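**Q** Sequence:
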Amino acid sequence: MILHEELPDTPFGPHQRNVTVFADGQIDRSPCGSGTSTRLALLAEDGRLGSGEDLLHESVTGTVFTGRILPGGVTEVSGTAYRTGEHAFLADPYDPLGTGFLL
Numbered sequence: 024m025i026l027h028e029e030l031p032d033t034p035f036g037p038h039q040r041n042v043t044v045f046a047d048g049q050i051d052r053s054p055c056g057s058g059t060s061t062r063l064a065l066l067a068e069d070g071r072l073g074s075g076e077d078l079l080h081e082s083v084t085g086t087v088f089t090g091r092i093l094p095g096g097v098t099e100v101s102g103t104a105y106r107t108g109e110h111a112f113l114a115d116p117y118d119p120l121g122t123g124f125l126l
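Everything in the sequence shown is counted per the working numbering, starting at 24 for the first residue and increasing by one.
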């Protein structure tokens, strides 16, 4: 679920702040790439975001993504990411599914 707040437009286009809630009530620290793409599509559909304009999409933590609509309705999102952890996958030799499965 993405909740957003309208902020004063910038000279380059709309400015919004959002919070993305997912899974078991966790909150995303970033504006969320998928959410930013969704906001871009909705703003373009409403006529609030035109060619050459950018959406400044801010999270509740102050991190910012910038997004725009490219030809063909393709969205482009840019921002900065920070490494916050590491993960290691382990394979149990007794797992009957081994390295995975196909549907």
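Mixed in with the good hints, there may be bad ones.
[Said to hold, decoys possible] For each label pair, taking beta carbons as the anchor points, the in silico distance ranges come out as:
no.	residue 1	residue 2	range
1	Thr103	Leu30	35 to 43 angstroms
2	Leu125	Asp32	24 to 32 angstroms
3	Thr33	Asp115	45 to 53 angstroms
4	Phe124	Ile25	26 to 34 angstroms
5	Gly85	Asp115	52 to 60 angstroms
6	Ala64	Asp115	29 to 37 angstroms
7	Thr33	Tyr117	55 to 63 angstroms
8	Pro31	Leu120	46 to 54 angstroms
9	Tyr117	Asp69	22 to 30 angstroms
10	Ala104	Glu68	25 to 33 angstroms
11	Leu113	Phe45	54 to 62 angstroms
12	Phe35	Pro94	14 to 22 angstroms
Keep in mind that the hints were calculated from the coordinates and are not lab data.
Here the structure is a predicted model, which is why all the values come from computation and not from measurement.
For every residue, glycine included, the Cβ atom is placed at its ideal position computed from N, Cα and C.
**Q** Now, for every hint given, state plainly whether the structure supports it.
**A** Checked hints:
no.	hint	verdict
1	Thr103 x Leu30: 35 to 43 angstroms	violated, 20 angstroms
2	Leu125 x Asp32: 24 to 32 angstroms	violated, 48 angstroms
3	Thr33 x Asp115: 45 to 53 angstroms	holds, 52 angstroms
4	Phe124 x Ile25: 26 to 34 angstroms	holds, 32 angstroms
5	Gly85 x Asp115: 52 to 60 angstroms	violated, 41 angstroms
6	Ala64 x Asp115: 29 to 37 angstroms	violated, 42 angstroms
7	Thr33 x Tyr117: 55 to 63 angstroms	holds, 57 angstroms
8	Pro31 x Leu120: 46 to 54 angstroms	holds, 53 angstroms
9	Tyr117 x Asp69: 22 to 30 angstroms	violated, 55 angstroms
10	Ala104 x Glu68: 25 to 33 angstroms	holds, 28 angstroms
11	Leu113 x Phe45: 54 to 62 angstroms	violated, 25 angstroms
12	Phe35 x Pro94: 14 to 22 angstroms	holds, 18 angstroms
In this structure, the earlier hints numbered 1, 2, 5, 6, 9 and 11 are contradicted, and the remaining ones agree with it.
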